[in-house]
Structure formats: C-alpha cells, structure tokens
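Q: Protein sequences, first through last, are from chains W and Z. The opening position of the first sequence corresponds to residue 462 in my numbering, with each subsequent residue numbered one higher. The opening position of the second sequence corresponds to residue 462 in my numbering, with each subsequent residue numbered one higher.
By construction, these hints were calculated from the structure, which means they are not laboratory data. Check the hints yourself; a few may be wrong.
Since the list can't tell identical chains apart, any single copy or any two copies may satisfy a pair.
[What the hints assert, rightly or not] Restricting the straight-line Cα-Cα distance to at most 25 Å, the calculated cross-link-like pairs of lysine-lysine (DSS-like) are:
1. K601 / K720
2. K770 / K525
3. K523 / K513
4. K582 / K525
5. K545 / K714
6. K790 / K720
7. K709 / K720
Number of protein chains: 2
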Amino acid sequence: MLTHLTIALDMMGGDYGPRSSIPAAVKAVNQNPHLSLILCGNHQVISEGLEKLDSLHHPRLKIKHCNEVVTNSCEPAQALRRKKDASMRIALDLVKSGEAQACVSSGNTGALFLIATHVLKVLPGVKRPALISAVPTETKDPVYLLDLGANVYCEPQTLFQFGVMGSVVASQRLGIERPRVSLLNIGSEDIKGHEGIKQAAELMRKCNQLNYIGYSEGSDIFTGKAHVIVCDGFVGNVALKTCEGIAKLIMHKFTKALKKHVFYKALAFLLRPVIKKMYKRVNPDQYNGASLVGLRGIVVKSHGNASNKAFLAAIEEAAREVERQIPEKIQAVFEQINAAAVLPSSSKIE
Amino acid sequence: MLTHLTIALDMMGGDYGPRSSIPAAVKAVNQNPHLSLILCGNHQVISEGLEKLDSLHHPRLKIKHCNEVVTNSCEPAQALRRKKDASMRIALDLVKSGEAQACVSSGNTGALFLIATHVLKVLPGVKRPALISAVPTETKDPVYLLDLGANVYCEPQTLFQFGVMGSVVASQRLGIERPRVSLLNIGSEDIKGHEGIKQAAELMRKCNQLNYIGYSEGSDIFTGKAHVIVCDGFVGNVALKTCEGIAKLIMHKFTKALKKHVFYKALAFLLRPVIKKMYKRVNPDQYNGASLVGLRGIVVKSHGNASNKAFLAAIEEAAREVERQIPEKIQAVFEQINAAAVLPSSSKIE
C-alpha cells in the first residue's frame, strides 16, 4: 500500500459534472487515508458543493480553479488547441508536472485521448494509446476489452501492441502469469475477417511474451474464453454500448413481463434482491473506470453518464494503477519484445 | 396470399444440418398448404430423415440430391469455384432457373453471400448486397440492422444504399410509410466517427426517399429510436453476436443467483413462464431469418446453430418475402433515386 498518493480530478466532465464528481471525491478521501485529491474545475461551484457535504476544509481536498470546460460536443482538435485552461487539460498537466500521479475524467473521450497523448506522451515504442476496460463474464474473472473508442482505425502493429498492453493490465489486475489474449473477429476460423486482423493475429502468434489463443466472436466476450480481447476503437465502442443497450432491454422486458399479472407482481417484489444483485453484476457502472494505456502516466476515463458511485470506482481504479505501476510494467515488456526483435529470427519466432 | 410457392432449402448447412432442416421442412409444408419445398442435399440422409417423420412421400417435398457440402471452414472463393454440386449452390441455382422463388440456408455466411451474388446477380444500380435482420427493441416493433457480416469493408455509397434497402424492408415488414433510418456510430454528435460514415450521413441526409434521423450508438439499437440501423458487416456482426453473448450472460447470472437459496429456487420455479417468455423475446432464434438484400432473388440465411424452430422461422420469412416482392420494391426505389439524380442539383437536394 502506498503511504501517499495524489490524484487530479477533472470535476466538470460527463453528463452530471460536479453533481457526481464532488460526492465521489469526498467519499474517496474519507475511505482512503493515504489519498489526496486536486479538484480541477470552477472554484465557486466546487466549493459550494463541498460546503454542502461539510468538506470544504478537508485537508486532503484541494481546489484548482479552471476557467473552461471541454464539452461533449467539442471537437477534440479544437479542445487541444484552444482549451488550455479547461479542467481536463489542467488535471492532465498536473500529472505531467508530477504534482499528481494519476488523472480521472468523465469528459469527452476523444478530447481526453488527444490531450492526454499530447501532454503525457506515449511510452517508448508504443504507436497509439488505447482505452481498456474490464467487462463481466460467466466466470469469476472479467475480460479486458481494448480499444474502446480512442482509435477509430488501427494498423495490425497497433492491434498487436494493444494485445501486449492488455496482457500486462490483465496480468496485474487478475494476478495471472500469462493471460489468454484473443482478437475480436467475425468468425473463429482462421480464414475469417479482414487483412489487418489476419496480420495482427500473425504478429501475436509469433510473440513469446503473449499467450495468444486465436480469434473470438462477439458472443465469446462474456464466456471467459479470453482474459484480453483486442479490437479497433470503433468496434470496441459499439460492442460495449451494445452490451449496455441489451442489458437495459432485458431488464425492461423482464420488469414488463412481471408487471402483467398481480401474482408475478408479488413475486417480483420478493425477487428484488436477486434482480438487484444480478443487475449489479452486469451493470457497466460497476465496471466503470476504463483506462488509457500506453501513456507515460495514468489516466482513468469514467463513463459520461456515470453516477457518483461509478466516478468513485474510477478514482479507486486510478489509485490501484498507481500502486501497480502499470505504465512502468508496460514499458518493461515493450523493452523485452524489442530486445527479442534484434535477435536472429529463428530465436524470435520460437 | 400466394396460391403456389416453391422454396429451395440447403439441407446440409449449419451446425446441425439435416437434424434441424428436415423437421423444419416437414413442419413448414404441413403448416402452409400453398408451399412446396425442394430439399437439396444427400438423398439418403434426407430420405431416412423424412421416413422417420412419416413424410417420405409427402407430395410437396421433393429431394434434389447433391454430392457436396459447403462447410463452415470452407474459404468462400474456393466454395464458389469448386463446390458446384454442393447443396447451397444447387439451391441457389434453382432460384436462378425459376424453379424456386426463394432459397434458405444455414450454411457458411461468406460462401452463401459470394455464391448467391455470383449466381443471382445484384439488382441494377446496387453496389453490394447486404445481410439484414430484425432485432428486438423496447417498443413493439423490431429494428432492422444491416449489414450483418456480408461486407467487411463498406464505401460511403454502399452504406447509403444499405439505408435505402433497409428502409424498403422495414417499410414492407412493419407497414410504415417512412421508416426512421440511422447510421451506427461511436457517438451521436455530428463530429464523431470516421470519414466514411460522415460521407454516408451526408448522402442519406440529401435523399428524399429516406427518412434519415442521424447517428445511433450501440446503446440506441434496442430503444426503438430507429427502424433501420446501418453499419458495415464487421461492426454489425460483432454487435449482433455481442447481443447474443450478453443475453446468455444475464440468464446465466440470473439463474445462478436464483439457485443460491432454497427460497429463491422455489420462486424461480414459479417464475419459469415469465423467464421463458422474456428469453423468447430477446432470443436470436425468434428473430432468425436474416435476409440477403440487393439481389435479383430471395435468399434467407438461418443462424448457423439454429434449432429446427429457427430454421422453420427462416422458411416462413422466405415465404413472406416472396409475397411482398422485396427485390422488385428495392429496384423501384433505386430507379426513383436514379431518376432524381439526373434532375438539376437544386431539386435533388431539397
């Protein structure tokens, strides 16, 4: 356990802004005595919010005033060029300067990706950072899915690197030596999919540092077949949001079916704890805290319409990543792979 | 209602082959007195199967012997070139020659797409055929999603055409004059997504024949926001299979939660009818019968691991499409759009 830890929070992002970030920040410092937070955003709004929770003078909560906000409709390139005093930018600047060890934001994903990459820079040898998140499965372990929307197009080499980074994250979080890594495709046979995916598969197969197990289809995500599933950001984002949509649909149909008859209404009442527990297990809020991996710093992205509970989960996730030194570990594996690449090819492709 | 209708069935495809296609065929002719079926596949296997169901001499069931099968691991281009006596190919040839009005197969999707396109040809002006299917929503109407795996890459013009074809299908099946058409993207704001999608959006916006309502995210699929959602085949296939996966996950978690306590076990028993009904409403089997649209003939693709009930649903779907003359109606709308395109641009882009 780290004895001291500072995280910078972008308080103004997401659909709820300070309404969810302020209660989450207060709860986080109260739960973790080693944690200090720098709250980036409008000073007046934040101090009023803290006041209401009797936490304005909390010794481990510091407000950093920012004049601007990166909204969801803001073009990422514009946000990068023009919004230098936005809460998102300032929070990332604090990680860059070393005042904070990690940053959490629920703001515009595209802008966060672009600004974080510009401010913090990628690790040596990394082509593109990716957004990674845990997704529930039928087994006790979640599966780590990446990329979830940071990169709309991905080269085969980029997908390969996502596999490496995902493997490090899964290994650290699940405590598994060689996590099973898979590529998301539209069929599990080798002949399926497009060229880029076939080339990425070839790169993964040849890499000793990876435990590559072949392709997965959308229906395999939740079976626990793989610990890490790699895809481009467009596909990953659609897959993740489709999950949310269908989970809501099922709950909707179930509740509707139960309400049709007074007998089932009574049953539904008795079943509430089970339904609640089940929904908790598949609800994205519980798995909130996607991370940007591949950067020289820790950035956790909370869901845009996240509750304060979910924003708290994202803060806790950032704290765990600092402790586990994820960026340092990713860098070490990339160094191993690069070292292997300069050996004669016979020993490379074992 | 048509008084006479012949459909050719590829009996050998899918995970279950004749085990699901034979009972489905027998049930289909028994249900619909106007329907005749040509059963393409191994004569011995099919006649033995029919014998067991006391239907070997059914007057509206005709066996067409085929020596070969297109397996799931078969490369589509190989299947097209070499498997000229496969059940899938023969069934499509029967549609081409006019002996059958439609074809149903649960075989290799890639091969079915390639062979069907080669044998039946696309409608005039259509760039690529697409695989379309109904997906359940929170409303009473399903949403039609396309493409579901036939086209891994799609040009903006192709996505636009998918919107047009999807609109015709939804209009016919739902009885709606101007179905709401949307493009699947990774954000609902105009700035999101890649160039191809932005260009497709522009084409849809300008087309008088389309009721284009903007972008949808994965989570919007099931809300009923749109009647038609367009995406490329890779994304569509991943989205559809992800739905299946998460539906199974939720049922798994729910059943597990219920089994933990004897009290809930008893409740689960009482709830069985509701659970069954709900699962039926979100189970892909119920929505089985994806169609290839854009061809000069009707081809319905049944799910690879479809039950005989699902294969039956696919046969019924094929019969409905013959009745509704979907290909003719798609052709008529393409002619309208082409006619509008030769008018001065001011009247085109109203």
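Q: It remains to establish, for every hint, whether it holds in the given structure.
A: Here is what the structure says about each hint:
Taking the closest pair of Cα atoms, K601 and K720 come within 25 Å of each other only across two copies (17 Å); inside a single copy the shortest separation is 32 Å, beyond that limit. Taking the closest pair of Cα atoms, K770 and K525 come within 25 Å of each other only inside a single copy of the chain (23 Å); across copies the shortest separation is 63 Å, beyond that limit. When the C-alpha separation of K523 and K513 is checked against a cutoff of 25 Å, the pair qualifies only within one copy, where the shortest distance is 16 Å, while the shortest distance between copies is 79 Å. Taking the shortest Cα distances, K582 and K525 sit within 25 Å of each other inside one copy (23 Å), while across copies they are farther apart (65 Å).
When the C-alpha separation of K545 and K714 is checked against a cutoff of 25 Å, the pair qualifies neither within a copy, at 46 Å, nor between copies, at 46 Å. In this assembly of identical chains, K790 and K720 lie within 25 Å of each other by CA distance neither inside one copy nor across copies; the values are 51 Å within and 41 Å between. In the homo-oligomer, the alpha carbons of K709 and K720 lie at most 25 Å apart both inside one protomer (16 Å) and across protomers (23 Å), since each shortest distance falls under that limit.
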